[in-house]
Amino acid sequence: MFENLSEKLEKAFKVLKGQGSISEINVAQTMKEIRKALISADVDFKTAKEFTAKVKEKAIGEKVLTTLKPGELLTKIMKDELAELMGSSSAEINLLSKPSVILVAGLQGSGKTTFCGKLAYFLKNNKNKNPLLVACDVYRPAAIDQISVLGEQISVDVYKEIENQNPVDISTNAIGYAKKNKHDVVIVDTAGRLAIDEPMMTEITNVKSAISPNEILFVVDSMTGQDAVNTAKTFNERLDFDGVVLTKLDGDTRGGAALTIRSVVDKPIKFIGTSEKMEGLDVFHPDRMASRILGMGDVISLVERAQQQFDEQEARKIQKKIAKNTFGFDDFLKQIQQIKKMGNIKDLAGMIPGVGKAIKDVDIDNDSFKGIESIIYSMTPYERSNPHVLNGSRKKRIAAGSGTNVQEINQLIKQFSQMGKMMKMMQGGGASRMMQMMKGNNMPKF
Amino acid sequence: MGFFSKIKSFLNKKEEENPSEKIEKQRKLDEGLEKTKSSFFEKLSKKVVGKSKIDDADLDDIEEILITSDIGVDTSLKIIESLEKRVEKEKYINSEELNSILKREIEQLLVNSSDIDSDVKQESDSPYVIMVVGVNGVGKTTTIGKLAYKFKKSGFKVVLGAADTFRAAAIDQLSIWAERVGVEIVKQTMGSDPASVAYDTLQSAISKNADVVIIDTAGRLHNKVNLMNELSKVKNVMSKLTSNAPHEVLLVLDASTGQNAIEQAKQFSSVTDVNSLALTKLDGTAKGGVVIGISDQLKIPVRYIGVGEAMEDLQIFNKEEFVDTLFNNKK
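Respectively, the protein sequence lines represent chains A and B.
Per the working numbering: the first sequence = residues 878 to 1323.
Per the working numbering: the second sequence = residues 18 to 348.
No lab work stands behind these hints: they were computed from the structure.
Incorrect hints may have been included.
Just the calculated beta-carbon pair ranges, DEER-fashion [stated by the list, open to error]:
| # | chain 1 | residue 1 | chain 2 | residue 2 | range |
| --- | --- | --- | --- | --- | --- |
| 1 | B | Glu329 | A | Lys1059 | 41 to 51 Å |
| 2 | A | Glu1250 | B | Ser131 | 16 to 26 Å |
| 3 | B | Asn335 | A | Asn1007 | 48 to 58 Å |
| 4 | B | Asn226 | A | Thr1257 | 51 to 61 Å |
| 5 | B | Leu94 | A | Asp1034 | 47 to 57 Å |
| 6 | B | Ser213 | A | Pro1076 | 36 to 46 Å |
| 7 | B | Ser131 | A | Asn1007 | 55 to 65 Å |
Yeah, the Cβ is synthetic: ideal placement off N, Cα and C, and Gly gets one too.
Just need the whole structure built from these sequences, with the hints factored in.
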């Protein structure tokens, strides 16, 4: 996500490596590099300047502990400052009222409608809510169709008035509809608008006063450049929004907007969008993001996501099977499906410290499992639960059935047995042994 | 350190602020006041009048203004370097000269574009095919609607291809544009193969003797290799019908996008040989300065700019005008 910035900072820190203490001289060059890196990451010019000045002030005179190199110490200071700049803790959204009304606003193409769909999906599945989506973009061609299609996809009601061109009326009526139909959250999608478009900005302030939302969210494209500050400021002046949504973070943007917006408008970033899929929504954690920027990985997010998606019962079953040595290809297949449920593989891998940079240019897609799946699907149930029976002629048949060749099947069998071994080790608490095995490059390649 | 102790230490620090911080504060205040009353060139003239050399402080100011226009660190430094060289060589320079040098330096980085109408006419045997690509939400479909209108007004027969089969209601959106402008559209259902839509569109356009074909594609982030490969497939399939189609691969960039636009341009170029750019949403406060670096590095011309949501709101890019307005504060 933020690999590029991490890379640049790593380079900047190299200048400091091997020096015993932080002084005005050895820090100056590094600070210049950091400022340049931040600006290239689209951090607002002034914010970047202020930020480096603050880090420098804290760094100089800091006693370098014997265990820490100056670079590491500076990393720590940077991380603390970054986390502070982005807000000190994650913020929840206000869902206390019945119904709770959420108004969503932003520029054209920032991803409002997709976000509304994701939020509805999130509230329905994670918070047990019964949300209502409201189509108030009466301007863009087919905008109402778009939200209707999304609503259908996630089985959430969409309120729309095809003939009505007045968002104030539509949103007011929608709340009445929500009350009648026992919807406890109302998500109002609005048309994209430029901050300097006076009639449109007046319109949205009118919507605001008509429905008095419990929560106003401002949606920003994470690729936004220096203009993020102006736009966020103006929307904040007009709407006094409660939080920010940062979209399209699955791109390779350095995401400087994340660093700036919070500090400029003093509003928390509440959600981030991480894919085009409806489940691609994450709660924003400033501290984790700061770690991530500095290349420290985001293990907590990874674990949380795994916990959320992993079927515990299924996991226990598999554990038993491993213990009894009856782990077969069917179980392997189930595991793959579990992993796929967790989201984009590259995203997941990127959260592991040190991996983000290594896989920057590699595309790992969920399709990478397709070959494996088709091989397993071409096995008989007997073969799946008894992998040892796979002999030459069976392999040939499977190869023909799955459109692969015998070598590929051999490779899969090898990976499969390695995986079995690895899982046994994990069970026996042999995590360190497993790490050694991974270092030995015996990781199965998918 | 707890939250309150943090605040406390922050407040303490404020009290014992040293003289250099005070000067910095005053400078910032001055800067702020200046911004409100002057545009870039006014500010610049004030700084350089009567000087034979631009000092560091002035250059810093120029740098700031270039960077806040999203021109980027590297391109800004390049511009400043050449400006510095000119000023060093010529003993005396007045503000007007400096203004025009700076403008010319920037203009030089922007590649010239050929005339689109004559490009279309040149392709007399087969339709002139434009394939439109870009990341999500930059305004591809809207740009296509405006382009269709522009070509129709020039007397060309236009066929649109709805090859964004992924995003919810993208096909409907393009259909509404086709109806609004009064041009034909070829479409299949959501989820169908975009390459097959592109192929059908071109085939139908050839049989109907159309002059221009515009293919819409789904927005995709440029770091998704599989989606990018799909794009080159869409491109290649059309060359089976007309060897040099698509004639134009138009990358749409959002003016509010920052330095990531450079990466977008590089990645889209590497899979589809982008040969023209459209810069959208220039009616906002964003300057779109990043196209200067893109045009310079990749030698791709900016052909169109989007300045509104109506179908007339597409203009042919004019670099003199662009550079002029780049430094004018819109308020």
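How the hints compare with the structure:
Take B/Glu329 and A/Lys1059: their Cβ atoms lie about 46 Å apart, and the range 41 to 51 Å holds. In this structure the hint that A/Glu1250 and B/Ser131 lie 16 to 26 Å apart at CB is violated, the actual value being about 49 Å. Separation of B/Asn335 from A/Asn1007 is about 53 Å and conforms to the stated range, judged on CB atoms against 48 to 58 Å. Look at B/Asn226 against A/Thr1257: about 57 Å separates their beta carbons, and that is inside 51 to 61 Å.
Distance hint check: the CB atoms of B/Leu94 and A/Asp1034 are about 54 Å apart, consistent with the given range 47 to 57 Å. As the Cβ distance of B/Ser213 to A/Pro1076 is approximately 42 Å, the hint placing it in 36 to 46 Å holds. Between B/Ser131 and A/Asn1007 the CB atoms are about 57 Å apart, so this pair conforms to the stated range of 55 to 65 Å.
Hint violations for this structure: number 2 only, all remaining hints satisfied.
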